[in-house]
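Line by line, the protein sequences give chains C and S. Its first residue numbered 2, the first sequence is counted upward by one per residue in my numbering. Its first residue numbered 2, the second sequence is counted upward by one per residue in my numbering.
By construction, these hints were calculated from the structure, which means they are not laboratory data.
No copy labels: a pair is met if it fits in one copy or bridges any two.
Within a straight-line C-alpha distance of at most 25 Å, the following computed DSS-like cross-link-like pairs (lysine-lysine) qualify:
no. : residue 1 : residue 2
1   : K15       : K33
2   : K33       : K67
3   : K27       : K15
4   : K67       : K27
5   : K203      : K175
6   : K171      : K203
7   : K175      : K204
8   : K33       : K79
9   : K79       : K67
10  : K204      : K171
Here the structure is a predicted model, which means the values were calculated and not measured.
Here's the letter readout for the chains.
There are 2 protein chains.
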Amino acid sequence: MNTEASTITHRQFKDSVYEQLARVGKAMAAPKRIELLDLLCQAPRTVETLAELSGISVANASQHLKVLREARLVTAEKQGLYVEYRVADAQVGLYFHALRTVAETRLVELERITRQHLERHGAPEPVCGEELLRRVRAREVTVLDVRPLEEYRAGHIPGAISVPLPELAKRLAKLPKNREIVAYCRGPYCIWAVEAVELLRKKGFRAQRMEFGVLDWRARGYRVETQKETQA
Amino acid sequence: MNTEASTITHRQFKDSVYEQLARVGKAMAAPKRIELLDLLCQAPRTVETLAELSGISVANASQHLKVLREARLVTAEKQGLYVEYRVADAQVGLYFHALRTVAETRLVELERITRQHLERHGAPEPVCGEELLRRVRAREVTVLDVRPLEEYRAGHIPGAISVPLPELAKRLAKLPKNREIVAYCRGPYCIWAVEAVELLRKKGFRAQRMEFGVLDWRARGYRVETQKETQA
DNA sequence: TCAGTGTTCAATGAACCACTTGAATACTCG
DNA sequence: CGAGTATTCAAGTGGTTCATTGAACACTGA
Chain C
2 MNTEASTITH RQFKDSVYEQ LARVGKAMAA PKRIELLDLL CQAPRTVETL
52 AELSGISVAN ASQHLKVLRE ARLVTAEKQG LYVEYRVADA QVGLYFHALR
102 TVAETRLVEL ERITRQHLER HGAPEPVCGE ELLRRVRARE VTVLDVRPLE
152 EYRAGHIPGA ISVPLPELAK RLAKLPKNRE IVAYCRGPYC IWAVEAVELL
202 RKKGFRAQRM EFGVLDWRAR GYRVETQKET QA
Chain S
2 MNTEASTITH RQFKDSVYEQ LARVGKAMAA PKRIELLDLL CQAPRTVETL
52 AELSGISVAN ASQHLKVLRE ARLVTAEKQG LYVEYRVADA QVGLYFHALR
102 TVAETRLVEL ERITRQHLER HGAPEPVCGE ELLRRVRARE VTVLDVRPLE
152 EYRAGHIPGA ISVPLPELAK RLAKLPKNRE IVAYCRGPYC IWAVEAVELL
202 RKKGFRAQRM EFGVLDWRAR GYRVETQKET QA
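Please take these sequences and the hints and turn them into a complete structure.
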């Protein structure tokens, strides 16, 4: 079975397998493409929106999206005047999450950068994530999703209330004063929840930031709620 | 809070975060690097071994390993005359597994290539993975790890017996005739288990191939056994 | 049908990357 | 210490990728 010939075809087989795996790997080799995928993990979006959110030209975004499409990580569908991109399936989100997790555990630089940035924004003390997660799951606290509405619609933590950050100020009155509030946003690198907590505390609420996003939630195998528009 | 200035530093922050994430992403952008990481997920190895197993020059392997090291995915340690590389921590294995899973679910080509190759090696019918997994977990079957001994030592499915494929023939007598046998190897792209099953069946054993490897096992959150040398 | 808009394509140049070769380190072990 | 070996480094080459620009395409809505 280990003749010269079979060894060669063996190598060819391996080479083509790893070549395929590299198609997916290459898709995540450019910072901007990772950012686009991150955005798409929050909600489906058009090319123009993605370009604006990630700070690149539309043509460039389109090109990056083409690469992601060819790696089958995202799909595109024409919706009226716009082309709407979305992640191809749930596995893609988990893949991105795995990448992020490795980077977080292995790259000290990443933690340094994040901590600096949070401190500059007067971030509250880092919280014990897992314990908070437990209380959120047990519904012991009021959970606020401070991302834009469309991201909430595309998927949110069950029981969470959508209060986009810009609207938080005018909707304070409708929030419960006596119950503890937990705010979350896109994830550990998003400061919206930090700002939300800052405002809430200033107004006398008991509030905490959860640094997990919907992706972290899903990666733990918990259910995600979609579409429903629970509002305060 | 959304002044021009704060928006700019915001962009800078995001850019540096995604740049860090891309460090990890780039590490998996070359087929050969993925292959090296795959090999390292099975067991720690020296540069020379890795070069030989992946069919590249030592200098080239060393260079790829440097990239993996700079992305902090692997660590190197001098052991006697050789430098031994190993995956930096368990998360890295899960990251590679996530990449592989996405590629498997999304890339039809990968499945086609694999099926062709297995058929050429007279692979038995594809098995129902999850049901087999249950029976392995319940220890209803005799489990054979047909990889080289050092990979078995680095981590194997609990209860599995190490019978490296080349030694299978001479150790047939020591295997139970009446109990069903399940063989596994490095994973879905490795044909050792296929060949083992072929031989076993020819000799009158009831045998099946499990296409999961240790990585798939771990990704499901199951315990992995190390070091111990259970032998038939 | 035709203007207008969103998206993609094609071509360019600069930067980067994979692999080779040959030399230089850094060890170990006699 | 000095020979021998494993590994890494440095330089060069051909190929690939990224961002930009301007044009082309596809589709909508009047």
